[in-house]
Amino acid sequence: MNTSSKIVNNTLDLIYPAIMMFGLYIIFNGHLRAGGGFQGGAVLAGAFIVRFFADSSLPLSLARLNRLEKVFYLLLVLSAVFYSFLLLGVFPPAVKTAYLMGMNLLIGAKVFCGLTIIFFRFTLFEAN
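For the sequence shown, the positions run 349 to 476 when our numbering is used.
In case anyone wonders, no lab produced these hints; they're calculated from the structure.
Heads up, the beta-carbon is just placed ideally off N, CA and C, and yes, glycines get one too.
Be aware that one or more of the hints could be misleading.
FRET-style restraints, in silico, Cβ to Cβ [stated by the list, open to error]:
(1) Asp361 with Arg469: 23 to 29 Å
(2) Phe470 with Ser432: 34 to 40 Å
(3) Ile363 with Ile466: 19 to 25 Å
(4) Phe433 with Lys354: 53 to 59 Å
(5) Lys444 with Phe401: 38 to 44 Å
(6) Ala428 with Lys354: 42 to 48 Å
(7) Leu410 with Arg381: 30 to 36 Å
Whenever a hint applies, use it, and build me the whole structure from the sequences.
What follows is the structure, given as structure tokens:
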């Protein structure tokens with residue numbers, strides 16, 4: 349049952365893509381400025397949570413989010429080990445930049461999944 353007003357839904361339809369783009373901007377520019385994976389992931393999770401407040405009938409699988417979070421964590425650890433130990437970190441600056449962007453993306457995805465899981469566990473399971 350959707351209990352939010354039309355004004356909230358229409359406003360959210362307008363600003364939701366902008367919030368998502370801002371979160372991705374923070375993630376992809378984290379190697380240049382303050383910010384990065386954690387901050388961008390938190391913005392993306394916040395946008396998803398606000399979307400849920402406006403329309404609580406969104407399909408959501410906590411098991412899928414949990415699996416995705418574990419996969420992102422595994423990729424994060426494996427890429428750090430691969431970069432640090434196996435290749436000894438001898439790369440040109442362009443490869444280092446791509447590595448940092450990739451790490452920020454993995455961290456952002458993991459933080460997004462983690463914060464979303466925490467929120468939905470509180471709202472769905474603790475509310476009962």
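For each hint, the structure was consulted:
{"no.": "1", "hint": "Asp361 with Arg469: 23 to 29 Å", "in the structure": "holds, 27 Å"}
{"no.": "2", "hint": "Phe470 with Ser432: 34 to 40 Å", "in the structure": "holds, 36 Å"}
{"no.": "3", "hint": "Ile363 with Ile466: 19 to 25 Å", "in the structure": "holds, 23 Å"}
{"no.": "4", "hint": "Phe433 with Lys354: 53 to 59 Å", "in the structure": "holds, 55 Å"}
{"no.": "5", "hint": "Lys444 with Phe401: 38 to 44 Å", "in the structure": "holds, 40 Å"}
{"no.": "6", "hint": "Ala428 with Lys354: 42 to 48 Å", "in the structure": "holds, 47 Å"}
{"no.": "7", "hint": "Leu410 with Arg381: 30 to 36 Å", "in the structure": "holds, 33 Å"}
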